[in-house]
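Participant: Spelled out from the first residue to the last, the chains are:
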Amino acid sequence: MPERASSVLDLFQQGDLDAFESLFRTHQRAVYGWILRIVRDPSAAEDLTVETFWRIHRAHARFQSERSFEPWARRIATRAALDWLRARRPEVELTDQVLADLPSAPAADPGVTADIRRRTAQAFARLPYRLRTAAILAVVEEQPHKEVAAALGITVTAVKLRVFRALRLLRKDLERQGIKP
Amino acid sequence: MNAHPGKRIDDDRIKELLTQALPPVEPDVEPARDLWPSVLRRLDTEPAAPASGSLRRNWFDLALLAGLIVFAASFPATIPVFLYYL
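From first to last, the protein sequence lines stand for chains Y and L. Going by our numbering, the first residue of the first sequence is number 130, and it counts up by one from there. Going by our numbering, the first residue of the second sequence is number 30, and it counts up by one from there.
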């Protein structure tokens, strides 16, 4: 099986379309899920998955077939998602419709009202997109800092710093709105 | 939420609020449609550059620049003419 996988990667590296389709079929779900975790919009995540695989195909000659495909794809997917977040205005993100459409686990704490959840989501959407991405992957999705760092192309320390800054800014915003523990 | 008005929100509470506001995405989530046809369409409209395309272009640019430098060194009087047309 490793030999087979390796030959698919070699063929992909040489520009073989069948090998590319095989990699797409194997990894599209993981790539889509990763992008959805960042952008929180299923429709945008589908478009960005297409964009990501187009970028992957464009960069096939630069892929080193002795390396793993998934972290490489994840990094390209993260860049595509960040490009999308950068291009969007914060106020149109995380609307009620987007939040309702998102396939997610149910909220557990009945003490947190819908209004507080909405205001928290809106305050979070006002944060700079780089801080938001680090916080959502590390805090909400509980991805290991090492994986978040690899996907963002930064160090683990930088991830921790971004999460710290995101939480501090979010706390200030919520306190300004009168939300207290 | 306003039971302890004097307290600051600690990091754990902020994380809890954040997770409540933006619950984690389910692990087995998948796209609602097959995206392969869209990828193929995208490849058709904007095909990937050939593997050696950028390298070939770089060599061509370098060769052109080298030729220009040799020409300018051989015929320095032509330099103002080139600058005029730039």
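No lab work stands behind these hints, which were simulated from the structure alone. Incorrect hints may appear among the rest.
As the list claims (entries may be wrong) - Between beta-carbon pairs, the in silico distance windows are:
id	chain 1	residue 1	chain 2	residue 2	range
1	L	P109	Y	R215	43 to 51 Å
2	Y	E304	L	D63	40 to 48 Å
3	L	A61	Y	Q143	17 to 25 Å
4	Y	E195	L	E55	16 to 24 Å
As the list claims (entries may be wrong) - Here are a few chain Y residues that face chain L, going by a calculated C-beta distance under 7 Å:
id	residue
5	G162
6	L165
7	R166
8	F182
9	W183
10	R184
11	A243
12	R246
13	T249
14	E270
15	H274
16	L296
17	L298
18	L299
19	R300
20	D302
No residue lacks a Cβ here, since even glycine has one placed at the ideal position from N, Cα and C.
Participant: Would you check whether Y/H274 satisfies its interface hint, that is, whether its CB is within less than 7 Å of any CB in chain L?
Facilitator: This interface hint is violated because 14 Å lies over the 7 Å limit.
Participant: Min Cβ distance, Y/A243 to chain L: is it shorter than 7 Å?
Facilitator: violated, 10 Å
Participant: Taking the least C-beta to C-beta distance, is Y/L299 closer than 7 Å to chain L?
Facilitator: holds, 6 Å
Participant: 17 to 25 Å was suggested as the range; check whether the CB atoms of L/A61 and Y/Q143 agree with it.
Facilitator: Since the Cβ atoms of L/A61 and Y/Q143 sit about 33 Å apart, the hinted range of 17 to 25 Å is violated.
Participant: Would the hint on Y/T249 stand, with a C-beta cut-off of 7 Å toward chain L?
Facilitator: holds, 4 Å
Participant: Hint validation: Y/L165 versus chain L, beta carbon distance must be below 7 Å. Holds or violated?
Facilitator: With a closest approach of 5 Å, the Y/L165 hint holds.
Participant: Is the hint on Y/R300 kept, meaning its closest Cβ partner in chain L is under 7 Å away?
Facilitator: holds, 5 Å
Participant: Given the hint of 40 to 48 Å, check if Y/E304 and L/D63 actually sit that far apart at their C-beta atoms.
Facilitator: holds, 46 Å
Participant: Double-check Y/L298 for me: the hint is only fine if its C-beta lies closer than 7 Å to a C-beta in chain L.
Facilitator: Violated. Min distance 10 Å.
Participant: Evaluate the given range 16 to 24 Å for the C-beta pair formed by Y/E195 and L/E55.
Facilitator: Given about 33 Å between the Cβ atoms, the range is violated.
Participant: Let's test the interface hint: is any C-beta of chain L closer than 7 Å to that of Y/E270?
Facilitator: holds, 5 Å
Participant: With 7 Å as the cut and Cβ atoms as the points, is Y/F182 at the interface with chain L?
Facilitator: holds, 5 Å
Hint check: violations occur at hints 3, 4, 10, 11, 15, 17 and 20; the rest are consistent with the structure.
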